[in-house]
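Trainee: Letter by letter, the chains look like this.
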Amino acid sequence: MSHTPDALLEVAGLSVDFRTRSGTVHALDKVSLTLASGETLGLVGESGSGKSVLSFAIMGIQDAAARISAGSLHFAGQDLLANRGKAMRTLRGRELAMIFQNPRVALNPIRQVGRQIADVISRHTGVHAAACRERALQCLAEVRIPDPERRYDAYPFELSGGMCQRVMIAIALACKPRLLIADEPTTGLDVTTQAAIMRLIHDLSARRQMSTLLITHDLSLARAYCDRIAVMHAGHIVEVGPSAELFAHPCHPYSERLIAATPHGAAALSALASIPGNLPDLRRDDLPACRFAERCSRYGASCDAALELRPLSATHSVACHRALEDAIPLRLETEHVTSA
Amino acid sequence: MSAHHPVPLASTWHTLRYVFGENPLSAFAAALFAAFVLLALIGPWLAPFDPLASHVGEPLSSPSISHWFGTDALGRDILSRVIVATRLDLGIAIAAVALSSILGGLTGAFAGYFGGWFDRASTRISDTIMAFPLFVLAMGIVAALGNTVANIVIATAIINLPFYLRVARAEVRVRREAGFIEAARLAGNGELRVLFCHLVPNVMPPLMVQISLNMGWAILNAAGLSFIGLGVRPPEAEWGIMVAEGAQYIISGEWWIALFPGLVLMLAVFCFNLLGDSLRDLIDPRRRT
Amino acid sequence: MFQMIVKRLLGALPALFGVVIVTFVLTRALPGDPAAYFAGPAGSQEAIEEVRAKLGLDRSLPEQFVLYLRDLAHGDWGNSLTTGQPVLTELAERLPASLELTLAGLVLAVVVAIPLGVLAATRPGAWIDHLCRAITTAGVSLPTFFTGLLLAYVFYFLLGWAPSPLGRLDPYTTAPEFITGFYLIDSLVMGDGATFVAAAKQLVLPAITLALFVLAPLARMTRASMLGVLSADFIRTARASGLHPLKVLFVYAFRNALLPVLTTLGMVFSFLLGSNVLVEKVFAWPGVGSFAIEALVASDYAPVQGFVLAMALLYVLLNQLIDIAYGLVDPRARLES
Numbered sequence: 001m002s003h004t005p006d007a008l009l010e011v012a013g014l015s016v017d018f019r020t021r022s023g024t025v026h027a028l029d030k031v032s033l034t035l036a037s038g039e040t041l042g043l044v045g046e047s048g049s050g051k052s053v054l055s056f057a058i059m060g061i062q063d064a065a066a067r068i069s070a071g072s073l074h075f076a077g078q079d080l081l082a083n084r085g086k087a088m089r090t091l092r093g094r095e096l097a098m099i100f101q102n103p104r105v106a107l108n109p110i111r112q113v114g115r116q117i118a119d120v121i122s123r124h125t126g127v128h129a130a131a132c133r134e135r136a137l138q139c140l141a142e143v144r145i146p147d148p149e150r151r152y153d154a155y156p157f158e159l160s161g162g163m164c165q166r167v168m169i170a171i172a173l174a175c176k177p178r179l180l181i182a183d184e185p186t187t188g189l190d191v192t193t194q195a196a197i198m199r200l201i202h203d204l205s206a207r208r209q210m211s212t213l214l215i216t217h218d219l220s221l222a223r224a225y226c227d228r229i230a231v232m233h234a235g236h237i238v239e240v241g242p243s244a245e246l247f248a249h250p251c252h253p254y255s256e257r258l259i260a261a262t263p264h265g266a267a268a269l270s271a272l273a274s275i276p277g278n279l280p281d282l283r284r285d286d287l288p289a290c291r292f293a294e295r296c297s298r299y300g301a302s303c304d305a306a307l308e309l310r311p312l313s314a315t316h317s318v319a320c321h322r323a324l325e326d327a328i329p330l331r332l333e334t335e336h337v338t339s340a
Numbered sequence: 341m342s343a344h345h346p347v348p349l350a351s352t353w354h355t356l357r358y359v360f361g362e363n364p365l366s367a368f369a370a371a372l373f374a375a376f377v378l379l380a381l382i383g384p385w386l387a388p389f390d391p392l393a394s395h396v397g398e399p400l401s402s403p404s405i406s407h408w409f410g411t412d413a414l415g416r417d418i419l420s421r422v423i424v425a426t427r428l429d430l431g432i433a434i435a436a437v438a439l440s441s442i443l444g445g446l447t448g449a450f451a452g453y454f455g456g457w458f459d460r461a462s463t464r465i466s467d468t469i470m471a472f473p474l475f476v477l478a479m480g481i482v483a484a485l486g487n488t489v490a491n492i493v494i495a496t497a498i499i500n501l502p503f504y505l506r507v508a509r510a511e512v513r514v515r516r517e518a519g520f521i522e523a524a525r526l527a528g529n530g531e532l533r534v535l536f537c538h539l540v541p542n543v544m545p546p547l548m549v550q551i552s553l554n555m556g557w558a559i560l561n562a563a564g565l566s567f568i569g570l571g572v573r574p575p576e577a578e579w580g581i582m583v584a585e586g587a588q589y590i591i592s593g594e595w596w597i598a599l600f601p602g603l604v605l606m607l608a609v610f611c612f613n614l615l616g617d618s619l620r621d622l623i624d625p626r627r628r629t
Numbered sequence: 630m631f632q633m634i635v636k637r638l639l640g641a642l643p644a645l646f647g648v649v650i651v652t653f654v655l656t657r658a659l660p661g662d663p664a665a666y667f668a669g670p671a672g673s674q675e676a677i678e679e680v681r682a683k684l685g686l687d688r689s690l691p692e693q694f695v696l697y698l699r700d701l702a703h704g705d706w707g708n709s710l711t712t713g714q715p716v717l718t719e720l721a722e723r724l725p726a727s728l729e730l731t732l733a734g735l736v737l738a739v740v741v742a743i744p745l746g747v748l749a750a751t752r753p754g755a756w757i758d759h760l761c762r763a764i765t766t767a768g769v770s771l772p773t774f775f776t777g778l779l780l781a782y783v784f785y786f787l788l789g790w791a792p793s794p795l796g797r798l799d800p801y802t803t804a805p806e807f808i809t810g811f812y813l814i815d816s817l818v819m820g821d822g823a824t825f826v827a828a829a830k831q832l833v834l835p836a837i838t839l840a841l842f843v844l845a846p847l848a849r850m851t852r853a854s855m856l857g858v859l860s861a862d863f864i865r866t867a868r869a870s871g872l873h874p875l876k877v878l879f880v881y882a883f884r885n886a887l888l889p890v891l892t893t894l895g896m897v898f899s900f901l902l903g904s905n906v907l908v909e910k911v912f913a914w915p916g917v918g919s920f921a922i923e924a925l926v927a928s929d930y931a932p933v934q935g936f937v938l939a940m941a942l943l944y945v946l947l948n949q950l951i952d953i954a955y956g957l958v959d960p961r962a963r964l965e966s
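Chains as they are written, first to last, in my numbering: chain F, 1 to 340; chain H, 341 to 629; chain V, 630 to 966.
Calculated from the structure, these hints are not laboratory results.
For clarity, every value in this text was computed on a predicted model and none was experimentally measured.
Using N, Cα and C, we set each Cβ at its ideal position, and we do this for glycine too.
Treat the hints with caution; some may be incorrect.
[Claimed, not checked] Below, a sample of chain F positions facing chain V; criterion: calculated Cβ distance under 8 Å:
| # | residue |
| --- | --- |
| 1 | 106 |
| 2 | 109 |
| 3 | 119 |
| 4 | 123 |
| 5 | 124 |
| 6 | 127 |
| 7 | 128 |
| 8 | 151 |
| 9 | 152 |
| 10 | 155 |
| 11 | 159 |
| 12 | 275 |
| 13 | 297 |
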């Protein structure tokens, strides 16, 4: 497998299965993705499309039932799948870090937040306790928590949701990682806090030249903060492109519908379109080549052929036969679907 | 169920097969339970000898063809005594559990539904009972009320009361404000009618689980009380007392006197605990541990 | 912290009050006429009346209750008819024997149950998980008095590994000087190795018997709560931060999993204090339980009531200790108090 020279993270043909009692869930299917240094990539899609599975697989913290059945993961030239054990643990938290949704439950409820940060610092730097504390205080200040000395000894239940998310960010960034995966970092926070948290993440990534993978189902958030956007549907990446271009000219019918379903600006609620149907049952063995086919209004005979992400231009790729045939961006169709 | 209703019968059968198929231990426990019930019902006719008659065999003779479980110091047949004791042991436990589940269930349902002073008083009482080590409290109650089998039943019922009270109270409380209860009230049902027709049926499943988990403990408790000389008096056949009678012989090697009643007691408790676990898995899979 | 402990102890007052009321009711519920009972079978009518006045039975119930409280506070828990000694003295003499046994059983159970539960939770479906399941289901079904006898038969009669299951010391060893009343500790303090070994030998079987019974709820709870915690979001955070797996397991998961286990400990103490009575009878252990049983058999009620009250007070105290320990582990509980 060849590497794109300036890619920090390179995911190639990654497939992940879950073995459950009711069958094997094909959660990710030949997912490919690259993330350059300092770039912010948005990963969007509805719940259950595999965004979190992908991020957990990159971090090497996937569920015990998950199995990586194909593909490769490279970080800064290192093969992440070759050494999942100890080597991965030293990378995790130091080179790759992750923040989660619902910060209140993502922090240890009975350990002081300062010590949770210090734990990470001590693990990866091995400096003595007093120095860890110093560094942790700096981290708290860096995520703009007022009065770090006092907050150091606070427990998560004594802090607001926004504060807890700042602590999460401090934990993730404590060792200055090169890649940050932010998994729905604003879910469960109120709107003003959401904006502050996103700005904080954005500022810190920019200042540190840190690559960021922002996972969200909030398209306006992705549009505002990401350089590029990858759209996921049912374990496939269906479209990747620069944010502005993808929003202006979505090529995959799913991206198009997703954008149409996002409230923005002055658009009235009645103008919003819902996406018909549900994600296909990923336990099926006869999943179609295009997993959107069963929900797609443009479904045609050519859609059953094998499918992969193909470039439309130097920066824009799509996995849709119809879009590739047309090779011109689709217009938003006038008939808005109102019923699911 | 008659042939006119093949569907519910079939679905019950399917549920049963599913439950037992998932966990063969449940099937074993159910079979064991049936055997115990049978022994309790027709034990006296099955026993080969009169359980109270002494010298039906050589005293202290070890298990043999004629006396499968051997004989005790008075030459009584242990097998017969073990069989006949089933009725008394299960009877005490069932009576106690019935008493405490009905009383505790009703009190808890009332307390949960109406709240107020009744709720506070019943909670206080149940907390006070729970402030005692339960077996010790049972000893105290039997000592105070008098050393009879009826009082063993009462003591066992009292110490189990808080469990039923809590389950019923909690279940009623969470549903008190539920939509379907509100609807029943709006439809003009009286408070008592709402409580008994709409809430109590919802309390039954968790209460049933509690009952089956509790049965084993009630049996242990009653047998423990008779083991220390409370309640059942010799020469009556009861598992706890039989173990007590055999205790002094065990260090001289006559193991069978205490072993067989003890084993059967253990098996009975084990059977009820298994049934309780299966029932809980069936009714409330979330609490599966 | 000190404030919290004081508050917790004050919080025990309603429970203590309830316990005393119940024991009071139990003393008045004696079968027949208590005055006639205490006057003895040969008591004349006058003697009975005299006893009635002396016991305060001719007064109203609230008055009797106040008198009862006063007597309790003054350490007057009545006299044992069989030994003629004050009940409180008798109980105090025998309590260390019972406590030593109970604590030994508890320590054994905890030492086995908690690692078992943790291992079972970290390897769901593995043999250790099945072992844990089997032990927890079988363990709660064991009648303690029967397992005790069985152990005595196997290890004393058949194998001869254990000494004769009678009492705290074999007849050839003298008890160590009284310091704490715990033979194991006292003999160690005195530097008397032989006595320590003798006392330990006697203690092993009854302690195992007790431990077998309470092992089940402890292991079951540890496993369940550990399973719950291990799938919690904050464990994922800890793993994503690259923390060492042992640190995740012990500092992050285990401390959180301990909380429900601590709560279960209350029930476990209830079981322990109850089974203690049975085990003491089986092993002729000279503790408060044996004392109460002897009194029961002799229809000597004051010691039985004293025993019930003492055990309840001990249990309330233990529950407060558990609450305090809970507060030490969980900052949220500290805030509530």
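Trainee: Does residue 151 of chain F pass the interface check with chain V, least Cβ-Cβ distance below 8 Å?
Mentor: 14 Å, violated
Trainee: Taking the least C-beta to C-beta distance, is residue 297 of chain F closer than 8 Å to chain V?
Mentor: 38 Å, violated
Trainee: Would you settle whether the hint for residue 159 of chain F is holds or violated, based on the nearest Cβ-Cβ distance to chain V being less than 8 Å?
Mentor: 12 Å, violated
Trainee: Tell me if the interface restraint on residue 128 of chain F is satisfied: Cβ within less than 8 Å of some Cβ in chain V.
Mentor: With a closest approach of 17 Å, the residue 128 of chain F hint is violated.
Trainee: Restraint: residue 127 of chain F near chain V, CB-CB cut 8 Å. Satisfied or not?
Mentor: At 16 Å from the nearest chain V Cβ, residue 127 of chain F fails the 8 Å test, so the hint is violated.
Trainee: Hold the hint about residue 109 of chain F up to the distance rule: shortest CB distance to chain V must be less than 8 Å.
Mentor: Holds, about 7 Å.
Trainee: How about residue 119 of chain F: closest beta carbon in chain V under 8 Å, or not?
Mentor: 6 Å, holds
Trainee: Let's test the interface hint: is any C-beta of chain V closer than 8 Å to that of residue 123 of chain F?
Mentor: 5 Å, holds
Trainee: Take the shortest C-beta to C-beta distance between residue 275 of chain F and chain V; is it under 8 Å?
Mentor: This interface hint is violated because 28 Å lies over the 8 Å limit.
Trainee: Let's test the interface hint: is any C-beta of chain V closer than 8 Å to that of residue 106 of chain F?
Mentor: 4 Å, holds
Trainee: Does the CB of residue 152 of chain F sit less than 8 Å away from some CB of chain V?
Mentor: 14 Å, violated
Trainee: Would you settle whether the hint for residue 155 of chain F is holds or violated, based on the nearest Cβ-Cβ distance to chain V being less than 8 Å?
Mentor: 5 Å, holds
In this structure, the hints that do not hold are numbers 6, 7, 8, 9, 11, 12 and 13, in rising order.
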